[in-house]
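There are 4 protein chains.
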Amino acid sequence: MAKTNGRVRVGIINVTGYAGSELARLLHFHPEVQVTSVTGRSAAGKKLSDVFPHLWQQDLPVEAELGDVDFAFSALPHAASAEAIAPLIEAGLPVVDISADFRIHDLAEYEAWYNVKHPAPDLLEESPYGLTELNREAVREARLVANPGCYPTGALLALAPAVKAGIVGADIIVDAKSGVSGAGRSVGLAYHYAEANESVGAYGLDGHRHLPEITQELAAMWGGPQPRVTFIPHLIPMTRGILATCYADILTDRLPLNDNAKAEVMRLYEDFYCNEPFVRIAAEPPQTKYTWGNNLCLIYPTIDMRTGRFVVVSAIDNLVKGAAGQAIQNMNLMLGMPETMGLDQPAVYP
Amino acid sequence: MAKTNGRVRVGIINVTGYAGSELARLLHFHPEVQVTSVTGRSAAGKKLSDVFPHLWQQDLPVEAELGDVDFAFSALPHAASAEAIAPLIEAGLPVVDISADFRIHDLAEYEAWYNVKHPAPDLLEESPYGLTELNREAVREARLVANPGCYPTGALLALAPAVKAGIVGADIIVDAKSGVSGAGRSVGLAYHYAEANESVGAYGLDGHRHLPEITQELAAMWGGPQPRVTFIPHLIPMTRGILATCYADILTDRLPLNDNAKAEVMRLYEDFYCNEPFVRIAAEPPQTKYTWGNNLCLIYPTIDMRTGRFVVVSAIDNLVKGAAGQAIQNMNLMLGMPETMGLDQPAVYP
Amino acid sequence: MAKTNGRVRVGIINVTGYAGSELARLLHFHPEVQVTSVTGRSAAGKKLSDVFPHLWQQDLPVEAELGDVDFAFSALPHAASAEAIAPLIEAGLPVVDISADFRIHDLAEYEAWYNVKHPAPDLLEESPYGLTELNREAVREARLVANPGCYPTGALLALAPAVKAGIVGADIIVDAKSGVSGAGRSVGLAYHYAEANESVGAYGLDGHRHLPEITQELAAMWGGPQPRVTFIPHLIPMTRGILATCYADILTDRLPLNDNAKAEVMRLYEDFYCNEPFVRIAAEPPQTKYTWGNNLCLIYPTIDMRTGRFVVVSAIDNLVKGAAGQAIQNMNLMLGMPETMGLDQPAVYP
Amino acid sequence: MAKTNGRVRVGIINVTGYAGSELARLLHFHPEVQVTSVTGRSAAGKKLSDVFPHLWQQDLPVEAELGDVDFAFSALPHAASAEAIAPLIEAGLPVVDISADFRIHDLAEYEAWYNVKHPAPDLLEESPYGLTELNREAVREARLVANPGCYPTGALLALAPAVKAGIVGADIIVDAKSGVSGAGRSVGLAYHYAEANESVGAYGLDGHRHLPEITQELAAMWGGPQPRVTFIPHLIPMTRGILATCYADILTDRLPLNDNAKAEVMRLYEDFYCNEPFVRIAAEPPQTKYTWGNNLCLIYPTIDMRTGRFVVVSAIDNLVKGAAGQAIQNMNLMLGMPETMGLDQPAVYP
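Residue numbers (the working numbering), protein chains in the order written: chain G, 5 to 354; chain R, 5 to 354; chain U, 5 to 354; chain E, 5 to 354.
Calculated directly from the structure, the hints in this document are not laboratory data.
Nothing here was measured: the structure is a model prediction, and the numbers come from that model.
It is possible that some hints are incorrect.
Any copy, or any two copies together, can satisfy a pair, since identical chains are not distinguished.
Stated by the list, open to error - Straight-line C-alpha distance at most 27 Å; calculated BS3-like pairs for lysine-lysine:
#1 LYS266 / LYS51
#2 LYS168 / LYS51
#3 LYS266 / LYS50
#4 LYS266 / LYS168
#5 LYS121 / LYS50
If we strip away everything but chain G, and leave its shape as in the complex, we get:
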């Protein structure tokens, strides 16, 4: 693989959104890769540090077209992303796609939810769903990885141990709370400070596009019937962070509701993630603040003993573990580098 100063040359397609600029921020910490080309139609011709003053070290020009690189991230919107990626894959470039284009394996379902014809359906089969902790081996082998949505990342990491262990039923509720950056950098009245601040509301009650991802991956964990998932996202007056509060019934034949039940669930989770560098089972219900800016997922599983209901709460930074951080984690695997390389930051608190 060609290298610059001994580093892998990495490109970011559409650096001008929040996922793209977060990739540039995080890759600054990576010792083995170097961002050498960034694209973004609206800012083409400017220096990256002029578009994003927080990237003060980064004097790279924003270009209209991707330059010669060894690895690419696409942070384009759906459909545009698949269209841009297809020729790169053809040309042998490994890619992590942050858009939704390759997440949903069922073409018809993708086209129904996104209301668009898929520009590169042939690549669907070979692109693993890049929730790293659950699909590590497939990611390692892939040349194209579909980086998960932010909500599914939080929900699936929270639910996987219980679902895989078979201790919960298929009736699942995910009540998720997201900061406003999850809506992207495009303007809109709902994201105007004076509208979004000091308010909370649910949205997507008729079906949010992250639901089919959640359902697809939960179904893959089960031997049994399709899970019955209700997913309700909420917009929270904060910039970053997703808290996913998930509910399911304990199957009492698999986990008797005795005095040890809560401790057993806790142990089950600790065991499941004991070797995971970016997942921590928390002793207390987590605050999203504790993941501000880093790649961690904090999980707190418990049982509401009065009702025998399983409750698990996860916290991530939607732009890091929910987007750019996990994309880098996947890149590391695809390039044969240590999975944690460049992702070792503490969160920023307070």
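With chain G fixed as given, assemble chains R, U and E onto it according to the hints.
Frame of chain G; chains R, U and E shown alone:
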């Protein structure tokens, strides 16, 4: 009833917390009552407008003891409230208690959840649970009303029509999101701006004190078995507002899941609350912002048709419909005044 | 004057911005007028309560054109406002204009700052600058009042007593801090929640359009030379509120810097505003929060005794005293009603 | 110097406040030092990652007493800090003190402002004021460095080029805006979320303790008379960040106010800081957000040409360049390491 300038003389016990000061703010709009005595140990001797500059018109002194009034609100903490109220009731003064002391009819359950001996158990029997829309007649006759908790107000108003119509099962989840003022005016690290801002977290996972209120009142709506309620509150970085997102299964023998189901639920709710001045069925999922500072409860009921799950979202201002506003609504009934008197404010937006 | 239900019929032109909707909110409290016509191109045909759920009592339709009213407020942008107002004045309708069109008496200066040809220069002469406390008599006689800008309202009320008493020099600095609603309801990247939150910055350093208002009115207070005003506004991550911190040199021949100087300044301010219902001299530096939603201006004057510099801080709600509230205060005068009518609200706190 | 794994062993005294925990966060990025001992009375016995979940990699125990280290930071409150530091210096340990104890060279002035007897006045003479950019050589030689206050850091970096070039007069106003973390991690009603949010206010109008630092250092830049500084801090509803807006008169004999004046000031600043790694002259007025979490100071100098007044705005993160980051910058110099080592982070945006 003795009057000052033709107005009923009203007292506020412990005006120095958020519920107490909100009572003073809202009562300013009331044409038939006048706040003539306010107490508050920490501020005794000062003028109310000096303690709370937003109450600029109110030069009343804060006193150590309640003066001669015709009606009293207690905004004391639990236990202290019952202790202060008992002699007032004895003396024939009608009272709305904003604390939790008279909300839970079962003495043992109260004492278990609040870990205190009840100072006035004899009054429990006669004090209706003052969720006005559901207990209007009892409130009208009472001399002591137990004003509901903020979370139960949002949750119960959201669930009542579906529960009373028998269209949902007894498995109920209430995922509630509250602004920080719900924690009161006492300081604490969790409410420090730098800690609470830009963060969201769940709390009370082992059982929040508002749960027994919710369960008690839902049980009273049912003929059948005790409902199985999981209630998880979340702290949101905003000052005011509660959003309650509630989940239950549709009983399909009572409400077939056909193309009309969502419209039928909507109609059921509109009918149930059609004469209620402070409850509005919203055409879109509500924002808490739309109730900022006023006594409204906005409710949006729907069905997740993929799973047959009932979802209902309610929005209130925790300090108004969730505390001081509802208390005044109850006072109006107790005094034989129009229920809406003094409570007709638009919300403050943006 | 024709009346509906005995009330003066009032129209709001362009109700769909923040100043327009705030007029609708505040006029709800007014016992002698009734909003009977509201216009707004983007929302024409909808009910006001559907466009703005916080105005739940208001089922008036939004219209394309103003109906038959006795009094009108224009909340249109500059230039469009003058164009819409001219025929109304012609037709004998009294108007308060919330735009900048009639604030600057010097036509050339208006056209230079606003980069537009004035659509109705003939009306400039007769339209007083409606800073009510300072121009009460002119407002009372006017058929067209130019409602002041939000920043000038805070700055001028803060500075007027010192300037009129001649105790400060002509070198004046106004460092002002405004909430985001001051930028209006139009979307823009700078007002995106994720951009505006957790940040503060100065803007308008090459000259903000509110500067000529401040300079014009300060000059009018002086006999002497043109004051030398530097005005730097800042955007603050909050929804409402303006804090203006103003600096000037004490003229020590007019106010010797002895031990009594601070008390004398305080007394000067208290005397100046002693009969003003909406201006309060605060004992402590004010928080904007204490004016949230109401028409008050809180002022704290002091002297930095180490340097002999006069410092005065004022707090207002930019949408109330800085826009809609003051407009109603002016309307009251123009209609011969008590100046405070409908404006007696406490602030909403916390 | 003894080392652990080849790294310098560093201790943090009082790690449990915001400055202390920020030191731990930032030192994580440092390749040549290792935090090996942290103290904090309230958390003694706990693991650092349990006290501060954002420091997930850091399993070090919090101790009551400092262990054996090669370098120490003190983040204790004033007086307590000097008391703890004196024996360390005595024992030959180099120390950066984040408290105010060694910032003010004049003992009487320190004792007057802080109302306490100085516990180690003998060390005052040898401890340079650690505003690195201005006192680099002295810091390099020191065994004890007084890390500047957060406000003075922003104000002095903003003013230094103009003052040293002699283009401004001695009448200086610093209007500063700080996020709430500047008040520390101790609770207090003013920092309660519900009180601090949606509000802005000035404080310290009778004299803030950071004023003598600003005056002392400005005086040192001048040959001439004591500067006449008015410093007014404001509390802003955000977590991190200080914006300092500074005003002074241009001395027109030194800088004629012609068409080139603004460009000349800009060039003067660019030249002054051209070799500084952490100071950037911004093309636009800076947002504090662009320094969130990193050690940069962004400065925008300009002239209000209408009045001939110099205006300069600086933005820093109060916890980084205003505290822990600058402390590490100073440590690097004291240890003979590259000044930027470990401090190369982009800011976290949005």
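Hint-by-hint comparison with the structure:
1. In this assembly of identical chains, LYS266 and LYS51 lie within 27 Å of each other by CA distance solely across copies; the values are 24 Å between and 53 Å within a copy.
2. Taking identical chains as interchangeable, the C-alpha atoms of LYS168 and LYS51 are never at most 27 Å apart, the minima being 47 Å within one chain and 32 Å between chains.
3. Taking the shortest alpha-carbon separations for LYS266 and LYS50, only the inter-copy value of 24 Å comes in at or below 27 Å, while the best intra-copy value is 55 Å.
4. Proximity of LYS266 and LYS168 under a CA criterion of 27 Å is satisfied intra-copy only: 17 Å inside one chain copy versus 34 Å between copies.
5. Taking the closest pair of Cα atoms, LYS121 and LYS50 never come within 27 Å of each other, the shortest separation being 33 Å inside a single copy and 35 Å across copies.
Hint violations for this structure: numbers 2 and 5, all remaining hints satisfied.
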